[in-house]
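Asks: Just so we're aligned: 358 in the working numbering is position 252 of the sequence shown, and the numbers increase by one with no gaps anywhere.
Think of the hints as simulated: they come from the structure by calculation, not from any bench. The C-beta atom is built at its ideal place from N, Cα and C for all residues, glycine as well. Treat the hints with caution; some may be incorrect.
[Said to hold, decoys possible] The calculated DSSO-like cross-link candidates involving lysine-lysine, where the alpha carbons are at most 30 Å apart (straight line), are: (1) Lys245 with Lys118; (2) Lys138 with Lys118; (3) Lys245 with Lys299; (4) Lys299 with Lys239.
[Unchecked claim] Derived DEER-like restraints, expressed as beta-carbon distance ranges: (5) Ala409 with Gly297: 46 to 52 Å; (6) Gly428 with Gly374: 30 to 36 Å; (7) Gly141 with Pro387: 27 to 33 Å; (8) Gly428 with Pro387: 24 to 30 Å; (9) Asp302 with Ala344: 18 to 24 Å; (10) Arg233 with Gly172: 57 to 63 Å; (11) Gly269 with Lys239: 18 to 24 Å; (12) Gly431 with Thr230: 37 to 43 Å; (13) Glu310 with Asp357: 36 to 42 Å; (14) Gly431 with Val247: 44 to 50 Å.
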Amino acid sequence: MSAPFVLAVPSKGRLQENAEAFFARAGLQLVKPRGAREYRGTIANIPGVEVAYLSASDITTQLGLGAVHFGVTGEDQIREMYSDAEARVVLIDRLGFGEANVVVAVPQAWIDVRTMADLDDVATAFRATHDRKMRVATKYVNLARQFFSAHGIIDYRIVESLGATEGAPAAGTAELIVDITTTGTTLAANGLKVLDDGIMLRSEANLIAARAAEWGATERETARLILDRIAAQGRARAFREVRTRAPGIDDKVLAEAKQRFGVATPFGGPTSSGMITLHCPPGQVHSLASFLRGEGAESVTVADIDYVFTRDNPLFARLEQGLTG
Numbered sequence: 107m108s109a110p111f112v113l114a115v116p117s118k119g120r121l122q123e124n125a126e127a128f129f130a131r132a133g134l135q136l137v138k139p140r141g142a143r144e145y146r147g148t149i150a151n152i153p154g155v156e157v158a159y160l161s162a163s164d165i166t167t168q169l170g171l172g173a174v175h176f177g178v179t180g181e182d183q184i185r186e187m188y189s190d191a192e193a194r195v196v197l198i199d200r201l202g203f204g205e206a207n208v209v210v211a212v213p214q215a216w217i218d219v220r221t222m223a224d225l226d227d228v229a230t231a232f233r234a235t236h237d238r239k240m241r242v243a244t245k246y247v248n249l250a251r252q253f254f255s256a257h258g259i260i261d262y263r264i265v266e267s268l269g270a271t272e273g274a275p276a277a278g279t280a281e282l283i284v285d286i287t288t289t290g291t292t293l294a295a296n297g298l299k300v301l302d303d304g305i306m307l308r309s310e311a312n313l314i315a316a317r318a319a320e321w322g323a324t325e326r327e328t329a330r331l332i333l334d335r336i337a338a339q340g341r342a343r344a345f346r347e348v349r350t351r352a353p354g355i356d357d358k359v360l361a362e363a364k365q366r367f368g369v370a371t372p373f374g375g376p377t378s379s380g381m382i383t384l385h386c387p388p389g390q391v392h393s394l395a396s397f398l399r400g401e402g403a404e405s406v407t408v409a410d411i412d413y414v415f416t417r418d419n420p421l422f423a424r425l426e427q428g429l430t431g
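Construct the entire structure; sequences and hints are all you get.
Replies: Take a look at the structure:
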């Protein structure tokens, strides 16, 4: 019996809920046949797939080892664990949840320190004054070193943080921090501010493929089926379906609608009865409806779209390119 295609998803909390909801919207229902406490599952109606529920760090590790095919985890996890991330994994798609920034934050009392260049000056002066390097508390050791090196800062040392990193400066265990934040509220509550150019990485949950996994014909076909549904749902989110009937709407009017409102005509121009279906970006729906009525349409209906399947599959193409590149 051949080994299963393994999809690793977060095992608890909001990340698990968001991951399951994401796949469900794409028609990929994650199922736990033996109950909610089980750490293995399947995808309904797609045979040969095993869903593994793991911690974020375990997902990252398993992706690097090639022990799973697909994994859902934050880009921050991947880039912190692997300096050669692109050689180990293929980042296929950003999933729209788990957004957070990895940032450099300093005490608000440092009123003259706003940029990494300012921080470099402070680091040099700090060493000269205190005869030691500034301490940077962080869980993101590799990302911090890479970022500080890129800005030419050398007068610092890393203090690995095992607890609440944002409390380190107030506790006197570090002068500044590198940490992950969503709103910045916790940083502000601890008297910290993010440097103007101190955003190291804008991270969110990604669907990621392991380059070292087994990628035979069967695994690639399974990946294609999964990615086809995800791509179709992604296209659908980008549009609303607009329908109308008006004899005055011709190719010239459609060309103007495309230019002004970014619409697409998925089924060509108007039918003999004057009926036409358009796909329109959500933010342009009301303007398009006004335009069409100005061109003679009596009524315009607008509906959500579940899926838009097309001949091309850009996500699978990204996977193929990443595996062979």
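Asks: Next, verify each hint and record whether it holds.
Replies: Each hint, compared with the structure:
1. Lys245 with Lys118: Holds - the C-alpha atoms of Lys118 and Lys245 are around 21 Å apart, at most 30 Å.
2. Lys138 with Lys118: holds (14 Å)
3. Lys245 with Lys299: holds (18 Å)
4. Lys299 with Lys239: holds (21 Å)
5. Ala409 with Gly297: 46 to 52 Å: Given range 46 to 52 Å: holds, Cβ gap about 50 Å.
6. Gly428 with Gly374: 30 to 36 Å: holds (35 Å)
7. Gly141 with Pro387: 27 to 33 Å: violated (42 Å)
8. Gly428 with Pro387: 24 to 30 Å: holds (29 Å)
9. Asp302 with Ala344: 18 to 24 Å: violated (32 Å)
10. Arg233 with Gly172: 57 to 63 Å: violated (43 Å)
11. Gly269 with Lys239: 18 to 24 Å: holds (22 Å)
12. Gly431 with Thr230: 37 to 43 Å: Holds, since Gly431 and Thr230 (Cβ atoms, about 41 Å apart) stay within the stated range.
13. Glu310 with Asp357: 36 to 42 Å: holds (40 Å)
14. Gly431 with Val247: 44 to 50 Å: Hint violated: Cβ distance 28 Å, outside 44 to 50 Å.
Hint compliance for this structure: hints 7, 9, 10 and 14 are broken, all remaining hints hold.
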